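Go by the hints and put chain Z onto chain R.
2 protein chains.
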Amino acid sequence: MKEYREVRASLSGFVELVKTPERAAEVTLQPVDLLGVDAAIIFSDILTIPEAMGLPYELVEKKGPLFPNPLQGPNDLDRVKVADVESDLGYVLEAIRITKRELDNRVPLIGFAGAPWTIFCYMVEGQGSKTFSKARRMLYQEPGFAHTVLDRITQSTIAYLKAQIKAGANLVQVFDSWAGILPPHHYSEFSIRYIRTICEAITEVPVTVFSKGAFFARQELGQLDCQTVGLDWNMNIAESRQLIGPDKTLQGNLDPCALYGSFDEVGKATKDMLRAFGPTKHIANLGHGVYPDTDPDKVRCFIDTVKEYQHT
Amino acid sequence: MKEYREVRASLSGFVELVKTPERAAEVTLQPVDLLGVDAAIIFSDILTIPEAMGLPYELVEKKGPLFPNPLQGPNDLDRVKVADVESDLGYVLEAIRITKRELDNRVPLIGFAGAPWTIFCYMVEGQGSKTFSKARRMLYQEPGFAHTVLDRITQSTIAYLKAQIKAGANLVQVFDSWAGILPPHHYSEFSIRYIRTICEAITEVPVTVFSKGAFFARQELGQLDCQTVGLDWNMNIAESRQLIGPDKTLQGNLDPCALYGSFDEVGKATKDMLRAFGPTKHIANLGHGVYPDTDPDKVRCFIDTVKEYQHT
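Quick note, the sequences are listed as chains R and Z, same order. With our numbering, the residue at position 251 of the first sequence is 251, and numbering never jumps. With our numbering, the residue at position 154 of the second sequence is 154, and numbering never jumps.
Each statement offered as a hint is correct.
Derived pair list, reagent style SDA-like, types lysine to any residue, alpha-carbon separation capped at 20 Å:
hint: 1; chain 1: R; residue 1: Lys-63; chain 2: Z; residue 2: Glu-61
hint: 2; chain 1: Z; residue 1: Lys-19; chain 2: Z; residue 2: Leu-29
hint: 3; chain 1: Z; residue 1: Lys-271; chain 2: Z; residue 2: Arg-300
hint: 4; chain 1: Z; residue 1: Lys-134; chain 2: R; residue 2: Asp-293
hint: 5; chain 1: R; residue 1: Lys-134; chain 2: Z; residue 2: His-288
hint: 6; chain 1: Z; residue 1: Lys-130; chain 2: R; residue 2: Pro-292
Think of the hints as simulated: they come from the structure by calculation, not from any bench. Note that this is a predicted model, so its numbers are computed, not measured.
In isolation and in its complexed conformation, chain R is listed as follows (with noise of 0.2 Å):
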């Protein structure tokens, strides 16, 4: 949205967006002014953990999330700390107290974290990566080092979580962008046991969980314990629904390039996918993030076909 991209512009990056509590809350406030959604969701990003343990990033235009210093092993141990959340996130709880005033009360607010998983794999691998083979590479040469940097991260994340509830959250969402470049067994050990961690102790707010290309382990997602789960597009709705079982709400999944189409395609889409999910149980959602080039009057077409559709 343009609107987005002046108060971005103001600032000198999205870093620093982020650690400006008045205007990451401008910025959460665009959607619902702007667009109609009926939640709103905090902004932020997922890596403001790592950079409270000891890891400070910058974001580097055109190539995303560069940390200067990664782990590369057991001796860098001591550079990663639990995350002291009110002094170091503090600007985050900010954020979110300065949108619940604002928000009055209209729609809920939505808090979030990485999932440990895929912090770890920023964390050694430095920067974005097509298959975090760095990161993958210390899961069989040095499992112990990165059970204990999951388990800060864990506990970091488990703060964090219930810090943003107590300034406000609703719910919270934990992402694990990076879960479906692991094999099966791996993702068990290394990724959803933390987050299954997470959803234990996390009781005050629904728990939302989106694990990115984990299709192999949406039998494992389904067993949570947790609310919600999040779909990418290219998984089967139906396929999903009876791996994960009856009582998990699923949110998603629309194809965020359906967006591209004509509002007669998108409303197509959209309608598609509300039948597939059925009457309940589901929250209306892309299945990944909108792409920065989709047409904001295509997102509002989706939100409103979501709004006035009538399951029959």
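Structure of chain Z alone, referenced to chain R:
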């Protein structure tokens, strides 16, 4: 392998190596001579096809392929022709002939090409991408254009694979590297449909299809007129066998990162994989390419374990 790096360093780069038949044949033989694999795969690149169709590319160090003039829509249709394989891809055919001569029937030689959808991704995106949202956008906004380009790629690929077979390839493999970013209905319409055409056209030798990430299409892959289906390292073997059916040979699927383990661990992981696939209809392989920093002795350990393994 250092032997490969030496050859590559003697030329200006990867693309020149691909285009120099004597040297391409030389590096093709290295894994046979130095590692003991029981098939050779011709050293080449899936991007030879878009170049032969009219879109030249370069390989930018640490960034990957770059097409300076990607396709932007229907107005660019006259820039892509069906490849004239003999004149434009003669260097690949010559590399195959030299390799066959030097192999002297010690092991079979595998030829390959990219699947049309994956080639289309590069032609439209111009480079690698996390989302390939430009290419996927075309499927929503210009489906007719996409089908025309995909059809030309398919015709070029059939001619290319047939020429590889005539030059001596004993089996051909089709790589759909970007299968996994499509929603299932688009994969059916824009990808597997063209792979099917290729499979039906290639009757001379066995065909292997490796659609990376297409977990959702395993049943459809099982119905292709091909002999072998490749599996990713994150696909469960028993489940894949059930979805693909009993007739196909399956290829794969050890996590390339498993080779970062100790020799004992590599041996154990390899045997676990062999046991899971069972005694027939399996081609032992990794679930993706070897990562560049892998110790060649670990690759050798994988190969030796496969060769020595006795199913009980």
